[in-house]
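Place chain Y on chain A using the hints.
The residues making up each chain are set out below.
2 protein chains.
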Amino acid sequence: MEEKLKQLKARLREVDNLQSAVAVLNWDQSTYMPPGGAPARGRQMATLSRLAQEKFTDPAIGQLLDELEPYAQELPYDSDQASLIRVTRRDYELALKVPPTFTAEFHEHTALSYNVWAEARPADDFARVQPYLQKNLDLSRQLADFYPGYEHIADPLINYSDYGMKVATIRPLFGELRDRLVPLVEAITAQQETDDGILHRAYPEDKQLEFGRRVIKRYGYDFERGRQDKTHHPFMTKFALDDVRITTRVQKNNLNEALFSTLHEAGHALYELGIDPALEATPLATGTSAGVHESQSRLWENQVGRSMPFWRHFYPQLQDMFPDQLHSVDLDDFYAAINKVQRSLIRTDADEVTYNLHVMLRFELELQLLEGELAVADLPEAWHERYQMDLGVRSHDDRNGVLQDVHWFAGSVGGAFQGYTLGNILAALFFAKALEAHPQIVDEMVNGNFDTLHRWLRQNIYCHGSKFTTSELVQRVTGGSLTIDPYLDYLRTKFGELYEL
Amino acid sequence: MEEKLKQLKARLREVDNLQSAVAVLNWDQSTYMPPGGAPARGRQMATLSRLAQEKFTDPAIGQLLDELEPYAQELPYDSDQASLIRVTRRDYELALKVPPTFTAEFHEHTALSYNVWAEARPADDFARVQPYLQKNLDLSRQLADFYPGYEHIADPLINYSDYGMKVATIRPLFGELRDRLVPLVEAITAQQETDDGILHRAYPEDKQLEFGRRVIKRYGYDFERGRQDKTHHPFMTKFALDDVRITTRVQKNNLNEALFSTLHEAGHALYELGIDPALEATPLATGTSAGVHESQSRLWENQVGRSMPFWRHFYPQLQDMFPDQLHSVDLDDFYAAINKVQRSLIRTDADEVTYNLHVMLRFELELQLLEGELAVADLPEAWHERYQMDLGVRSHDDRNGVLQDVHWFAGSVGGAFQGYTLGNILAALFFAKALEAHPQIVDEMVNGNFDTLHRWLRQNIYCHGSKFTTSELVQRVTGGSLTIDPYLDYLRTKFGELYEL
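Just so you know, the protein sequences line up as chains A and Y, in that order. Using the numbering used here, read the first sequence as starting at 710 and increasing by one per residue. Using the numbering used here, read the second sequence as starting at 710 and increasing by one per residue.
Bound conformation, chain A alone:
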């Protein structure tokens, strides 16, 4: 059996090598590639992705998994070996169901669709991209249909990013969250609007980046095992457990942009960097799900990086770095500015309180599209109506309406948005649990020390990689199931104090 396991790992390592190479090519494309490189880069990534898929769905892997099954049954569920065999089988069977020709067609179409969207968005031209979105939707339905027996047509698509989550469980959760968030937003926006003008003074870009790097080093991000580069749309990417990189963007007149995107991507990176090295180059060497991954980016960005204890330590340093801009601004005003709540049109600029309203309406709309309850042609207007209803604002164009997010245009319609809100819910759940176990975390933050928090997250979440599903992990960490209460407690406490509710 040792020999079979060795063979399986060798095959999985080959797949990992190909996938990691795709990640390097993608990182280069997003950071340094000159414009001329684009056409060839598309075909290079397509070839490598296809080979990775071919190698992963090789019947020899199925054969090895079958042979290893009895061995896995005798081992503890959470052992490296049993987990490897279990999770690999799950991913293998998911991958096998989709014919390679469909995968190729889908990738080819979404690449095209992405390019059309990238031109249609600045031109505010939904009509131009509409037929591509229609085809994306048709293909997304076909993709779901390769997994017959689903409860809801979105379930197989959700499975790709948040394995085991279902519309039947997410919808009521989101419904309850929405019902409880809307009054909070109303109460806050009834107050006087916060002035955040101080964040939009002129902040030299290199200093902004230097400050962000200083913070994430304190978080425990190790520049010997990663690096930060500039890009248009920040992301985290992993080439190996010891090479996990982040990207950011920086705007001279927006102190939020580089700083919080840096903390956010560093959170994703800390997760990957904390995976047990024994899991390297296997399907276990990644985060559990989109939701759990997002919980870590949001935790380090918000629960830590937008908290008062954090800024008690770092605000004097920020003032030292930008004396002209901040010396006369006191901590409370700065803290209020970075936590300003407002009804707005753009998801990525949204504050912690309204953010989920942006996400959940997208989730609802994509379900309606998949269900056939909403036609693509009617989507722009449906978007405006939902924004009016949930956020009380309405865009005058589609550029800041339905065209603002890339997701539906560059991938499947369905499965992309729920992770953002699940992440927020999980961030609060995990953070509350960490504080319960180690109340000194708050005092440590005031001293710029994140060791206890980081260690707790590594031991309870990061080290496991993707051994467990989201629900299993929540069960292990909290002893219960997914609940929105800690998240609402967190928001009510923090913003209740800020807005004196």
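Note that these hints are calculated values from the structure, not bench results. Any given hint might turn out to be false.
No distinction is drawn between identical chains; accordingly, a pair holds when it is met within one copy or between any pair of copies.
The calculated DSS-like cross-link candidates involving lysine-lysine, where the alpha carbons are at most 30 Å apart (straight line), are [what the hints assert, rightly or not]:
hint	residue 1	residue 2
1	926	1142
2	926	715
3	764	916
4	1049	1142
5	961	916
6	764	713
7	844	764
8	718	939
9	916	806
10	926	875
11	1049	1203
12	875	1142
13	916	875
14	961	806
15	715	1142
16	764	806
17	926	713
18	939	961
This is chain Y only, laid out in the frame that chain A set:
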């Protein structure tokens, strides 16, 4: 036949996609990769290289080549199609002769050997790396033996980089060159030594890089189709015909370093960027040989970048950029400094006149090793003796002796050095031909204009990619065969004037 050709090209494109991905991974490793990324990067590149090799030696490619042979016979020799079929067959048959297990063993050993060398060199510890070099030599002999029927055991190794060249033709050529260079070096070094202290003043690094970029833009290097990054050992790399990148290194107290390495690598890049786009993603989309490639880097570095007409244009700009360092230095003194001839120990720092003496003694030594005339244990002393004999200098250590170049430790012993001197010979040959066709090239250089020269090189050399062998190309361009006369004329004229011989 159109269909067969299409199938062949599709297979070759897949190989190219894999090879280009390896190039991206290698570029990243040499420029931006954090230290932690190294172990995984090794296995990623190994997997991709192996897959490229497997795909290229797929019997289906042999089958297609067989079927296309009659078609190729009816087409002009220099047509894209006939050239593609001919050159692919040549490379295919070369690749087929070596068992994949050997290739894997060889790569594994050289990767190990490289690491040992990288530690042994600064420690000046030849004994440490000696067994690895011995194995490199043994494997190089085995590699050659996969091509039975050679005249000299080095010929198959030379074929990899300079196809069609043989020891029987190179040795007499180099012998003659050496006989004619040695008196020139003696005559020059009998003169008073040039003072090049001005090149070692403090030159801010970013300004040095800016100046180099300015020059290569005038050469025609297009930053929309490439970029320049910093590295330890400068190189040029190609990911596609529209993404050809260069790297450089910069030293504050050495004006030569960044500038001439930039011009050198830009020369390599102009070659690749000038290949006919119709040849993209096939074995024709690369330079003809190591020698012809080096001819272009050396031509743009030396015949152009170390010439008086070039500096008549650029020196005032350099003075403007570095007024404190250069305002009181006149053009003649600057020109003398960048062309200073001296007997030295290090090949990469050598001037145009002595450079080939460094190269040719390495070529001789590797032939003796392969022939069994020289034992690895005796190599360090043989090195010192040859330096004493050819250059009149002797290193007190092996660090600046046999350990100075990576080639024998990171690849085959044999085949790596001849290209440098062939490149110098060819640079002079091609440059003389270009001047003969367009004497105005010199006047254009004085005006900072390189259009006629660049166009002539594109039309006569670059556009063809690797359609022709070195000899075929020389025949087409010059109407004759390879000769050292233009090179010696060039050196004698330039350095005769400089040193008033």
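Here's how the hints hold up against the structure:
{"no.": "1", "hint": "926 <-> 1142", "in the structure": "within (24 Å within a copy, 58 Å between copies)"}
{"no.": "2", "hint": "926 <-> 715", "in the structure": "neither (37 Å within a copy, 52 Å between copies)"}
{"no.": "3", "hint": "764 <-> 916", "in the structure": "neither (46 Å within a copy, 49 Å between copies)"}
{"no.": "4", "hint": "1049 <-> 1142", "in the structure": "within (26 Å within a copy, 71 Å between copies)"}
{"no.": "5", "hint": "961 <-> 916", "in the structure": "both (10 Å within a copy, 25 Å between copies)"}
{"no.": "6", "hint": "764 <-> 713", "in the structure": "both (17 Å within a copy, 26 Å between copies)"}
{"no.": "7", "hint": "844 <-> 764", "in the structure": "within (28 Å within a copy, 34 Å between copies)"}
{"no.": "8", "hint": "718 <-> 939", "in the structure": "neither (35 Å within a copy, 36 Å between copies)"}
{"no.": "9", "hint": "916 <-> 806", "in the structure": "neither (50 Å within a copy, 57 Å between copies)"}
{"no.": "10", "hint": "926 <-> 875", "in the structure": "neither (37 Å within a copy, 56 Å between copies)"}
{"no.": "11", "hint": "1049 <-> 1203", "in the structure": "within (12 Å within a copy, 71 Å between copies)"}
{"no.": "12", "hint": "875 <-> 1142", "in the structure": "within (25 Å within a copy, 73 Å between copies)"}
{"no.": "13", "hint": "916 <-> 875", "in the structure": "neither (44 Å within a copy, 58 Å between copies)"}
{"no.": "14", "hint": "961 <-> 806", "in the structure": "neither (48 Å within a copy, 59 Å between copies)"}
{"no.": "15", "hint": "715 <-> 1142", "in the structure": "neither (38 Å within a copy, 61 Å between copies)"}
{"no.": "16", "hint": "764 <-> 806", "in the structure": "both (15 Å within a copy, 26 Å between copies)"}
{"no.": "17", "hint": "926 <-> 713", "in the structure": "neither (41 Å within a copy, 56 Å between copies)"}
{"no.": "18", "hint": "939 <-> 961", "in the structure": "both (14 Å within a copy, 26 Å between copies)"}
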